[in-house]
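2 protein chains.
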Amino acid sequence: MKIGIAGLGTVGGGVLDILSRHGDLLAARAGRPIELAAVSARNRDAKRPGNLEGVAWEGNAHALADDPRIDVVVEAIGGDNGVAKELVERALQNGKSVVTANKALIARHGAGLAALAEEKGAALRFEAAVAAGIPIVAGLRSSFAANRISRVHGILNGTSNYILTVMEETRRDFADVLAEAQALGYAEADPSFDIDGIDAAHKLAILSALAFGVKPDFDAIHVEGIRSLSAAELRYAEEFGCRIKLLAVTRLTDEGIEQRVHPAMVPKGNPIAGVSGVLNGVTVEGGFLDKCVMEGRGAGAGPTASAIVADLIEVARGDRSPAFGIPAKALQDLVPAPMDRHKGTYYLRLPVIDRPGVLADISGILRDAGVSIESLLQHGRAPGEEVSVVLTTHETEERRMRQVVERAEGLSSVLAPPVLVRIEQF
Amino acid sequence: MKIGIAGLGTVGGGVLDILSRHGDLLAARAGRPIELAAVSARNRDAKRPGNLEGVAWEGNAHALADDPRIDVVVEAIGGDNGVAKELVERALQNGKSVVTANKALIARHGAGLAALAEEKGAALRFEAAVAAGIPIVAGLRSSFAANRISRVHGILNGTSNYILTVMEETRRDFADVLAEAQALGYAEADPSFDIDGIDAAHKLAILSALAFGVKPDFDAIHVEGIRSLSAAELRYAEEFGCRIKLLAVTRLTDEGIEQRVHPAMVPKGNPIAGVSGVLNGVTVEGGFLDKCVMEGRGAGAGPTASAIVADLIEVARGDRSPAFGIPAKALQDLVPAPMDRHKGTYYLRLPVIDRPGVLADISGILRDAGVSIESLLQHGRAPGEEVSVVLTTHETEERRMRQVVERAEGLSSVLAPPVLVRIEQF
Chain A
0 MKIGIAGLGT
10 VGGGVLDILS
20 RHGDLLAARA
30 GRPIELAAVS
40 ARNRDAKRPG
50 NLEGVAWEGN
60 AHALADDPRI
70 DVVVEAIGGD
80 NGVAKELVER
90 ALQNGKSVVT
100 ANKALIARHG
110 AGLAALAEEK
120 GAALRFEAAV
130 AAGIPIVAGL
140 RSSFAANRIS
150 RVHGILNGTS
160 NYILTVMEET
170 RRDFADVLAE
180 AQALGYAEAD
190 PSFDIDGIDA
200 AHKLAILSAL
210 AFGVKPDFDA
220 IHVEGIRSLS
230 AAELRYAEEF
240 GCRIKLLAVT
250 RLTDEGIEQR
260 VHPAMVPKGN
270 PIAGVSGVLN
280 GVTVEGGFLD
290 KCVMEGRGAG
300 AGPTASAIVA
310 DLIEVARGDR
320 SPAFGIPAKA
330 LQDLVPAPMD
340 RHKGTYYLRL
350 PVIDRPGVLA
360 DISGILRDAG
370 VSIESLLQHG
380 RAPGEEVSVV
390 LTTHETEERR
400 MRQVVERAEG
410 LSSVLAPPVL
420 VRIEQF
Chain B
0 MKIGIAGLGT
10 VGGGVLDILS
20 RHGDLLAARA
30 GRPIELAAVS
40 ARNRDAKRPG
50 NLEGVAWEGN
60 AHALADDPRI
70 DVVVEAIGGD
80 NGVAKELVER
90 ALQNGKSVVT
100 ANKALIARHG
110 AGLAALAEEK
120 GAALRFEAAV
130 AAGIPIVAGL
140 RSSFAANRIS
150 RVHGILNGTS
160 NYILTVMEET
170 RRDFADVLAE
180 AQALGYAEAD
190 PSFDIDGIDA
200 AHKLAILSAL
210 AFGVKPDFDA
220 IHVEGIRSLS
230 AAELRYAEEF
240 GCRIKLLAVT
250 RLTDEGIEQR
260 VHPAMVPKGN
270 PIAGVSGVLN
280 GVTVEGGFLD
290 KCVMEGRGAG
300 AGPTASAIVA
310 DLIEVARGDR
320 SPAFGIPAKA
330 LQDLVPAPMD
340 RHKGTYYLRL
350 PVIDRPGVLA
360 DISGILRDAG
370 VSIESLLQHG
380 RAPGEEVSVV
390 LTTHETEERR
400 MRQVVERAEG
410 LSSVLAPPVL
420 VRIEQF
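If you're matching them up, the sequences are chains A and B in order. Just so you know, numbering that gives the first Met the number 0 puts 60 at position 61 of the first sequence, and the rest follows in order with no gaps. Just so you know, numbering that gives the first Met the number 0 puts 275 at position 276 of the second sequence, and the rest follows in order with no gaps.
Just so you know, the hints here were simulated from the structure itself, not pulled from any lab data. Note that this is a predicted model, so its numbers are computed, not measured. Keep in mind that a hint or two might mislead.
Identical copies carry no separate label here, and so any pair may be met within one copy or between two of them.
Claimed, not checked - Listed next, the in silico DSBU-like pairs over lysine-lysine satisfying Cα-Cα at most 30 Å (straight line): (1) Lys290 - Lys267; (2) Lys46 - Lys290; (3) Lys119 - Lys1; (4) Lys1 - Lys290; (5) Lys267 - Lys84; (6) Lys46 - Lys214; (7) Lys328 - Lys214; (8) Lys267 - Lys342; (9) Lys290 - Lys119; (10) Lys328 - Lys46.
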């Protein structure tokens, strides 16, 4: 099987590295040699971890899609539009199979690309797009396919998990830890995709599609990042026996599919709470299976390339089954469950001035919203100065908590925006 | 695709249940309907969880292997010989694919059966044979196939893990907890397969074959069970920041493949230490992947049937790739690394009489064997009565520890057999 790689950065370079080192092993496992026929990348002179001798070099990625010698195109360019999308479409159009790590592309255009692949008898594979070193795409496509999946949840972004882990361990604030992570190369100069939950949401859209047989619908996801968290939240989480994680959750409800990415307090007994540093973790729940939890590396050259080459092996073995596990034409439009109607328990911290009547005002707002308080504590006493009122609720509806936050913000005794964190009782 | 199920006990009944409930879902995921054409079981009148209307009933399982209407035989009889083996061979001989949960059969005869399947162009699949709800077979066959795997370790037997978990939580002794587990139906009347490590070893033999491209070699596995553990070991493990687990490990060493099943102290920081109750957990380590940990249900009707039906879906999609991921003729004979040469750290508890000179005798034996002591403690003081001397070692060779145990048993001050537990520093 002859392949072409478009993009020789971290991911493409990793694939080149595996192909160069493990040729015999891959041939045995794939049933035939996987040969690198051509590559395309911007910088021809960069040093790469692998052997490019005898490999054709194309200045234009599209040439890979048109090259009749190539059976499979590996797209490692990135981005949900532009060259990456054109390349994938063109390769599929020409009947070539495509393997990609491009989560944004699949989250945005996965259904259409899957349909095109099926029409042309080609495979479209993207194991590396979600939690690279964890075989969650294969899990949902195949291993767990005998079950009606009810929920998938986990940690899908290593950068934000690293930041939260360091915040927890060192008790430092978000901005401080982010700056350090950037200096160490663990976070991008523009960290928004990672810390604002967008990267995790791209991955969640793909998991929803695989789990529930729907078209990926990135825009239907409720997304919050971790910027608003302070060391205080991490400290209180500890008091409640929880860790704070940037959680991605998709689940089937009576009103549709609830997809959300946001910081959450996760009880330490939940395996996902134990996923620390740059690791990712995912839990799949469904009828006969009950539950399966997986933990591993979510990014980096090695694990991402490992997932891409696994896809290549499956394609070499002849697998042309539908990209999302069921025929593209059978994928339903996703009916989103409104986030306003989400039911759960909540943590709320209100930075207030310490004066008589403050607690009465706050508890009045909760009463009026119909929210029942589970615990309420005020740490520190400094009359006339800022202290934090921290409370947790019994199960209630999201819209009620939004009403509470809005009205609390209007109180003169509340000195800064309230911090609301969902508590997951998995 | 038409299938026949041989054996309608827990496992076969579970498959019947899934097929009866999820027909449409399975057809969408498999690309065509999976129809139950015939079954065979001893007791025709038992109540079963599913629909047998219009399904042919065969008194003899062999009839399924000979029935020209049947494409795939599900073997759910069990046992590494007799009817199960004859049925699988006959079905493959007739060109039918086979899906089985039979770990003993695959551990003993997997290489030959895989060769037969390939010769006949049929698939042989056994995801359910190892840690049912955890897709570890698919992982090693496909998802992790781009890597040279260096080690696989984990908890592969739920019954013994349940007993160890209860022993740890309740501080009760082995025999007591086993009796309770039997009364509750969590352990068999004859619990030997589970608690003596045989079941875990069957599964480990299969994982070795998948991970390292060798023929399964059950007889090469060093197997110890959990019978010799007392509440004392669980208590000391806690003191050392560990949990005791019946660990199954297979790894590539310079001297061959080291396969072992035995109780081990696992540091609490290792995800496998957090796998409690009847759950199973497996960690795969290899070059590019780094590490992936999976946790889930290892047995029971639901998870086992879920794994079997996942295999059926793959077969329906057309997958005929080799059973162990590489062609059967390429599977090497396993070269076992001698357990005597195993290197590790150890826990040793010696029930001794509390009198002067005992510690000098013991430390002399360790010195003579060339074993370096990391810590030594003697709990309780009761001159003239039994106390425990507990020690941990620095890294040493297994043969040296055996020498220590043998010589210590000869001391008149040692009142009962020493308890040796390996400490895993993963």
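For each hint, the structure was consulted:
1. In the homo-oligomer, the alpha carbons of Lys290 and Lys267 lie at most 30 Å apart both inside one protomer (17 Å) and across protomers (22 Å), since each shortest distance falls under that limit.
2. For the homomeric pair Lys46 and Lys290, the shortest alpha-carbon distance between copies (27 Å) is at most 30 Å, but the shortest distance inside one copy (44 Å) is not.
3. Both within a single protomer and between protomers do Lys119 and Lys1 lie at most 30 Å apart by alpha-carbon distance, with minima of 18 Å and 28 Å respectively.
4. In this homomeric assembly, Lys1 and Lys290 come within 30 Å of each other (Cα to Cα) only across copies, at 29 Å, whereas the closest approach inside a single copy is 38 Å.
5. In this assembly of identical chains, Lys267 and Lys84 lie within 30 Å of each other by CA distance neither inside one copy nor across copies; the values are 41 Å within and 45 Å between.
6. In this homomeric assembly, Lys46 and Lys214 never come within 30 Å of each other (Cα to Cα): the closest approach is 40 Å inside a single copy and 40 Å across copies.
7. When the C-alpha separation of Lys328 and Lys214 is checked against a cutoff of 30 Å, the pair qualifies only within one copy, where the shortest distance is 10 Å, while the shortest distance between copies is 43 Å.
8. Taking the shortest alpha-carbon separations for Lys267 and Lys342, only the intra-copy value of 21 Å comes in at or below 30 Å, while the best inter-copy value is 34 Å.
9. Within a single copy, Lys290 and Lys119 get their C-alpha atoms no closer than 36 Å, and across copies no closer than 36 Å, so neither meets the 30 Å cut-off.
10. In this assembly of identical chains, the alpha carbons of Lys328 and Lys46 never lie at most 30 Å apart, being 44 Å within a copy and 39 Å across copies at closest.
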